[in-house]
Amino acid sequence: GESVGLHLPTLSVQEGDNSIINCAYSNSASDYFIWYKQESGKGPQFIIDIRSNMDKRQGQRVTVLLNKTVKHLSLQIAATQPGDSAVYFCADLGGRYKLIFGSGTRLLVRP
Amino acid sequence: ETGVTQTPRHLVMGMTNKKSLKCEQHLGHNAMYWYKQSAKKPLELMFVYNFKEQTENNSVPSRFSPECPNSSHLFLHLHTLQPEDSALYLCASCPREGLYNEQFFGPGTRLTVL
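Protein chains in written order, with our numbering: chain A, 49 to 159; chain B, 4 to 117.
Wrong hints could be hidden among the right ones.
Straight line, CA to CA, 35 Å or less: simulated DSBU-like cross-link-like pairs of lysine-lysine [said to hold, decoys possible]:
no., chain 1, residue 1, chain 2, residue 2
1, A, Lys104, B, Lys44
2, B, Lys39, A, Lys116
3, A, Lys116, B, Lys44
4, A, Lys146, B, Lys55
5, A, Lys104, B, Lys39
6, A, Lys90, B, Lys25
7, B, Lys55, A, Lys90
Read the hints as simulated data drawn from the structure, not as lab findings.
Using the sequences and the accompanying hints, generate a full structural model.
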């Protein structure tokens, strides 16, 4: 029979608006976090990272916020563009220095 | 271009076939990874090599056999696969296994097992 795809949370935003993608992690000992972007037909691409001794880090049009108290990570994209449409994954460095990936959020940008 | 290449990009094989996936990185990195990305699960780590030594086998069935002849090349040998092994297989590399290392991913091999 037909396979059922992984149900990803989807965020739909208007072009030009800001996007906020959220991620929860479970390992309170994690001290390094990465956001990846994966476009259709491509491998994940690094966007931005943050270490646990920071609560905010900014890149070009992107900002990552880390709240260690509630084990929450967010990615903010300013002035979202059609080229930002992709699946976004957060990853945290788990035990034995292995990256643990979340299931991802699909971002759709409406023209 | 991330500096990590994978071949083939697409592969269709029967359950009795033997095939190999190839990954090559041109970044001078010393750690290489195999991940499985299927429609039903998040990205799953399969194997890790650090300076050519395997440091992680994430309970992967023996029908998947990795090989790392040097720090630039990584192979995944496949034999007697099952249809549920159909997925996107991603290779990644980083400077070395450890803290604060961004992993660079290849484009993946889309595998279909009939």
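Checked hints:
1. A/Lys104 <-> B/Lys44: holds (29 Å)
2. B/Lys39 <-> A/Lys116: holds (29 Å)
3. A/Lys116 <-> B/Lys44: holds (26 Å)
4. A/Lys146 <-> B/Lys55: holds (17 Å)
5. A/Lys104 <-> B/Lys39: holds (31 Å)
6. A/Lys90 <-> B/Lys25: holds (16 Å)
7. B/Lys55 <-> A/Lys90: Distance of about 26 Å is within 35 Å: holds.
Checked against the numbered hints above, the structure violates none of them.
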